[in-house]
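For the sequence shown, the positions run 1233 to 1658 when the numbering used here is used.
Hints are computed from structural coordinates only; laboratory data are not their basis. Do not rely on the hints blindly, as some may be mistaken.
[As the list claims (entries may be wrong)] Under the rule of at most 25 Å between Cα atoms (straight-line distance), these lysine-lysine pairs were calculated in the BS3-like manner: (1) K1378 / K1531; (2) K1577 / K1536; (3) K1523 / K1536; (4) K1641 / K1523; (5) K1649 / K1523; (6) K1516 / K1555; (7) K1236 / K1373; (8) K1582 / K1536; (9) K1531 / K1389; (10) K1315 / K1373; (11) K1488 / K1531; (12) K1516 / K1582; (13) K1577 / K1555; (14) K1316 / K1378; (15) K1378 / K1523.
Model, not experiment: these values are computed from the prediction.
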Amino acid sequence: MAFKTGDFVKVEKDGVFYEGHVIPGDAGYITLKMVGGGYVAGFLENEVSVTLLPPVETPPEPPKQVVRNTAKGAGIKAEPTGKKITVITTGGTIAAYVNHETRTVAPTFTGEDLLLEVPELEGFADFKIRDVFSLLSENMKPENWKELAQVIYDEIKAGADGIIVTHGTDTMTYSAAAAAYMIDTPVPIVFTGSQRSPDRPSSDNHMNLMCAARAAAGNIAEVLIVMHGSMSDDYCAVHRAVKARKMHTSRRDTFKSVNMFPIANMDYFTGELTFLSDYVNYAKRGENELKITPVLEEKCAIIKFVPGADPAILDYYIENGYKGIVLEGVGLGHVSDNWISSIQKAADKKIPVIVTSQCVYGSTALGTYETGLAMREAGVVEAVDQLTESVLVKLMWLLGQGLEYEKVKELIATEMKGDMSSMIID
């Protein structure tokens, strides 16, 4: 019996029963969006028996016109700023609604729809909408980063006083880091998103957009990530893009600054900023001249070392034309001794190998143990406390400019855009 997308079925395999809705999948498989948790499972059709069940009640499709949500922001007043702010949409959960046929979410919102969700922003600024992509963020590619950077640059050059980029959270740090390295900006560039789609009562889109708009109209002229700072609807954290990481799959306060505090916390109700450290110097509005260098070398890779890993993994990238490699070592940045010759092979071919740590916090320190000293002698560059995601993008950007091997090694270990901390947080 053939089953079509949306059918509600029961699958029996080895005496265990599974219920869910059929969603598109690979040939020869039946793929279900499971009930009671939303997980996806695939089964070989020739190994299971499938029974069609009566359809469950389907919730009504969301309205074609977005209804202004006046409840979420009750009591909040956003004073007019007179600023020109461009909202650039790229897709992601913040712009997604549930597809009731597949029980999955897909981007369907435009920038205009998103602003309608936050009526408190009416009159706050002169908003312009640029709907650039409609992608879940796992589908973003380096070519999208370059196009996005160009759109941001064009809008600032045309007079925007601030930029908001709405983006999926899964790869937001990569896109935001790419914008940070490619653009010198005199105005705030603020990335924001949500962990839960706008049609869910617990959605974080409303608060995150409010905070992002205030940050875009503010005085911190860097590329920022602005998202929930706690599980409650009380404040947003203002993160430097190149120092932030998504730390939890589903919590609304998923983004955390690593090896530094957030630049500030922003009160949801008042917009007031609380700066968290005297050690963080940030670029202020108007300090930098607008400039863009939208180039990337895409043949770069991240390799994660694990105990017993074969150095042939590194050899593969060396022998297949890769121009740069980020190597995630353990602890202070180590790999096993038998990787040293492959690291030397990369150096002989003028392929930069940048070492980061799989630890979330702290710094690489290859001078502590003999293995680390051997890695240094073989030519690796230490990332110090830079994040793996940011280092990859930085490496792609430096190589994209056609810089010589030694210059790339020098600059990758040099602080840019605040990507190396002046104070390591224990």
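Verification of the supplied hints:
1. K1378 / K1531: Holds: K1378 and K1531 sit about 15 Å apart, inside 25 Å.
2. K1577 / K1536: Holds - the C-alpha atoms of K1536 and K1577 are around 18 Å apart, at most 25 Å.
3. K1523 / K1536: violated (34 Å)
4. K1641 / K1523: Judged against 25 Å, a Cα distance of about 23 Å means the pair holds.
5. K1649 / K1523: Holds - the C-alpha atoms of K1523 and K1649 are around 14 Å apart, at most 25 Å.
6. K1516 / K1555: violated (35 Å)
7. K1236 / K1373: violated (32 Å)
8. K1582 / K1536: holds (21 Å)
9. K1531 / K1389: With Cα atoms ~31 Å apart, K1531 and K1389 exceed 25 Å; violated.
10. K1315 / K1373: violated (31 Å)
11. K1488 / K1531: violated (29 Å)
12. K1516 / K1582: violated (38 Å)
13. K1577 / K1555: Roughly 13 Å separates the two Cα atoms, so the pair holds.
14. K1316 / K1378: At roughly 23 Å apart (the allowed maximum being 25 Å), K1378 and K1316 satisfy the hint.
15. K1378 / K1523: Satisfied, since the Cα-Cα distance of roughly 14 Å is no more than 25 Å.
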